[in-house]
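Quick one: dock chain against chain with the hints and give me the complex.
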Amino acid sequence: MILPLTIQDVSFEIGGIRLIKDLNCTLEAGPRTMILGANGAGKSLFLRLCHGLIRPTTGRVLWQGAKGRDPADAQAMVFQRPVMLRRSVAANVDYALKLRGMAAAERRAAVEDALGHTGLRRLADNPARVLSVGEQQKLALARAWALQPEVLFLDEPTASLDPAATHAVEQIINAIDAAGTRIVMTTHDLGQARRLGDEVMFLNRGRLLEKALAERFFSEPENDLAQAFLKGELLWWQRGRDNLKRNPPKQRRQ
Amino acid sequence: MTDFSDAFGAALGLVLGFDADLAEIVGLSLRVSFLAVAIATAVGLPVGAAIALYRFPGRAALLVAMNALMGLPPVVVGLIVYLTLSRAGPLGVFGLLFTPAAMIFAQMLLVTPIIAALTRQVIEDLWVEYEEQLRSLGAGPGRAVPALLWDGRYSLLTAVLAGFGRASAEVGAVMIVGGNIDHVTRVMTTAIALEVSKGDLALALGLGIVLMALSLGVNGAAFALKEAAERRLG
Numbered sequence: 022m023i024l025p026l027t028i029q030d031v032s033f034e035i036g037g038i039r040l041i042k043d044l045n046c047t048l049e050a051g052p053r054t055m056i057l058g059a060n061g062a063g064k065s066l067f068l069r070l071c072h073g074l075i076r077p078t079t080g081r082v083l084w085q086g087a088k089g090r091d092p093a094d095a096q097a098m099v100f101q102r103p104v105m106l107r108r109s110v111a112a113n114v115d116y117a118l119k120l121r122g123m124a125a126a127e128r129r130a131a132v133e134d135a136l137g138h139t140g141l142r143r144l145a146d147n148p149a150r151v152l153s154v155g156e157q158q159k160l161a162l163a164r165a166w167a168l169q170p171e172v173l174f175l176d177e178p179t180a181s182l183d184p185a186a187t188h189a190v191e192q193i194i195n196a197i198d199a200a201g202t203r204i205v206m207t208t209h210d211l212g213q214a215r216r217l218g219d220e221v222m223f224l225n226r227g228r229l230l231e232k233a234l235a236e237r238f239f240s241e242p243e244n245d246l247a248q249a250f251l252k253g254e255l256l257w258w259q260r261g262r263d264n265l266k267r268n269p270p271k272q273r274r275q
Numbered sequence: 009m010t011d012f013s014d015a016f017g018a019a020l021g022l023v024l025g026f027d028a029d030l031a032e033i034v035g036l037s038l039r040v041s042f043l044a045v046a047i048a049t050a051v052g053l054p055v056g057a058a059i060a061l062y063r064f065p066g067r068a069a070l071l072v073a074m075n076a077l078m079g080l081p082p083v084v085v086g087l088i089v090y091l092t093l094s095r096a097g098p099l100g101v102f103g104l105l106f107t108p109a110a111m112i113f114a115q116m117l118l119v120t121p122i123i124a125a126l127t128r129q130v131i132e133d134l135w136v137e138y139e140e141q142l143r144s145l146g147a148g149p150g151r152a153v154p155a156l157l158w159d160g161r162y163s164l165l166t167a168v169l170a171g172f173g174r175a176s177a178e179v180g181a182v183m184i185v186g187g188n189i190d191h192v193t194r195v196m197t198t199a200i201a202l203e204v205s206k207g208d209l210a211l212a213l214g215l216g217i218v219l220m221a222l223s224l225g226v227n228g229a230a231f232a233l234k235e236a237a238e239r240r241l242g
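These protein sequence lines are chains A and F, in that order. Residues in the first sequence are numbered from 22 upward in steps of one, following my numbering. Residues in the second sequence are numbered from 9 upward in steps of one, following my numbering.
Only chain F is shown next, with the shape it has when bound in the complex (with noise of 0.2 angstroms):
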């Protein structure tokens, strides 16, 4: 136990002084995480308000696949873009493996289907209300898109939040695809991984504590906004 407390003790001083290798970790994750989740975001949103709009056929196997999608695991789409991504995979040339573009792209992979699949519900729900009055209006599906897609932007919220939390948290793609080299592509889910395997749980936990606090502070923000938001708007 008294390891332990040396470690969490060691730990907040890593946090509170704002360790040099610490910081360039945080600082990456958090580039990564961003990144995928903004490139998913732009995809994902127009792709969910089209499916829950249109009708096509295929529409319900897509529905299933997306949704089976959402659990996708890390560990599975990292090792689909190191195949694509190694130098006798398709997208080889561009010598992108073990580089931080490879594991924006993994996790982009991994997200886009969560925001399009949780796009999808909150727009067909917003549509079931407003098609009348909008179709009344002139607005077929195509031209409801954007002002479904900005009515319905803090439930989008949400979905956005949950595309954050899964790429924040996953280890296994960034670690097939980034390799967790020191100064290149170490995040800290990787770092944590491998500090604790070596012993290091200072730095584990100096990690593990930012990762949380990481993770409150953006949903903390993000319900607040929402609530006041609703509280004025309606």
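Chain A extracted, bound-state conformation (with noise of 0.2 angstroms):
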């Protein structure tokens, strides 16, 4: 187990301008988590963080339980909208397997199984890149089953997809946690995250503003953007700054 993951400090910027901001906090293993925030709270920067594809301005990301190991390894990550290779469906699982060092004669029963999970056994000669986008997310998340990773991260999965497409994905989504998968995924979709979420963060510009049980973030939630966001007020980050003119920080007085 690559868990327990530990943020420490981080903070990420481009051009001087800061993204994620100080965020700390520790993932362990076990709950799934939702992160939820507006466009531009940081989510997706967050998980790429974490997932290693951009390294922290400063701070540390620390895979706690790797003990010498590549936690790259352990880890896979669905991206809002799948990059399918030009090959068939099989061969886009059989090519991921192939990069962590999986003989050939176990990838040919990985790649059966992690299809027939998803679904995808009858496409599997077909050329992927013409599969519909559903059908795309779905081998995506084929072959981050086919990997059998410890953490899986997804970003959107589902955002670009039809209800009927959305509730095949939620369903392998639950299949993989099933099967022992530590689920840290992102949403625009509140249904969506009580529906698949036992933790949720909440961020807006840059900061985790809360981190708390999925059941109790949704009845009683703390922060009060949180409560806004939640309620749907279409111009709740408003309230944030309304709170700023009514009690400005003591620096910008002087």
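Hints may contain errors.
So the derived label-pair ranges between C-beta atoms look like this [said to hold, decoys possible]:
id : chain 1 : residue 1 : chain 2 : residue 2 : range
1  : A       : Ser109    : F       : Val84     : 18 to 26 angstroms
2  : A       : Ala125    : F       : Ala50     : 22 to 30 angstroms
3  : F       : Leu71     : A       : Arg76     : 25 to 33 angstroms
4  : A       : Ala124    : F       : Glu132    : 30 to 38 angstroms
5  : F       : Ala68     : A       : Ser32     : 47 to 55 angstroms
6  : F       : Gly150    : A       : Gln101    : 20 to 28 angstroms
7  : F       : Thr166    : A       : Ile75     : 56 to 64 angstroms
Keep in mind the hints are simulated off the structure, nothing from the lab. Positions of the beta carbon are idealized from the N, C-alpha and C atoms, including for glycine.
Quick look at the structure:
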């Protein structure tokens, strides 16, 4: 187990603009984490920092259980828009396993297995790029499944899918969770977060404002911005600005 | 005008009658250009892909140089290869000047920058799309190169064809390093130049027709292949 994952004072900036600010948290083995927040809150950046696709400008991302092992080997990520190689469905899964160094003989069975679990077996020999977006996302999940990661990051996996495809993808995520993979996922969809989440992290403008059990977060969120976000107030972030006007921080008055 | 139509008629006669001289010249042209392009492809694809994926000091200068070399004048390449391969030159001991090998070498120098520069563009565009996914799967630039070359294969075919077009059409380099020796180093373009200056328009036009047909045929076939594959594979 590479978990728990500790994010220690992590900031990330591009061109002097701080996009993730002093983020601290620990992800333990077990619960499924849903990361919520508006566009630009830093949800996707947070996932990429955890997964190691980008390096924090300051602070550390620590896989406490890695013990000398490369933590990247025990993770996988599914992106909002799946990227498929120009080869067959089965070959796409096979390629991922080959990169992890699995022997050819074992790969056959693993590919079969992953395609079976995601309902793609009948499409195994089809070129991956001509699948529908929903099928491609299933294939992305099959590819992640085949890797049997300890942690799976999902970046808005259903953002461009219709309800039927969303349902199918959620079922696969449930199955991957049941097989023992730790799910960390961003979503826009509060209903989805309710359906899939055990734990919620609420991000706003690069800051982690609340991390709580899902039940508790949805019934009585502590942070006032989170309250407004859950109520679906369209200009909910202005509450923060109004607060600032009423009680300006001390440095600004000088 | 009758001269022209007579010449055209004679040219068609040569082409359709598989004239031996004509066939020999066409055969040598194809051999030289195909081999030059094959070597240039073997070098240009990996080099272009590597430049696309790696960041290193001097990369910008290399890109500018590579793009500039795409327009390298064939006569200049011919001159450089001539100086290199002539008896007094650094590779003079091999006695390659005025042989098909010298022509292959010169055309390879002409074509490699074209293939490398176009490959760089294709692979860089693909990498933008694939980078996060491939890195997530555990493939850094080094391991990504074969996958990217394979996924870009239809676009890269165009790069190779551009190289072939350049090689088969140029006259300056092969003229200087080959010398246009009958039955030894005479290729289509040098033969056309010679026959025109001699006034034998029939052979010149016949060779011109073959050269055009070849170019059209190769590009047409490649286009059809690319279209079919993209429709099937997405």
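Quiz item: Which numbered conditions among the earlier hints are violated in the structure presented, ordered from lowest to highest?
Solution: Of the numbered hints, 1, 5 and 7 do not hold.
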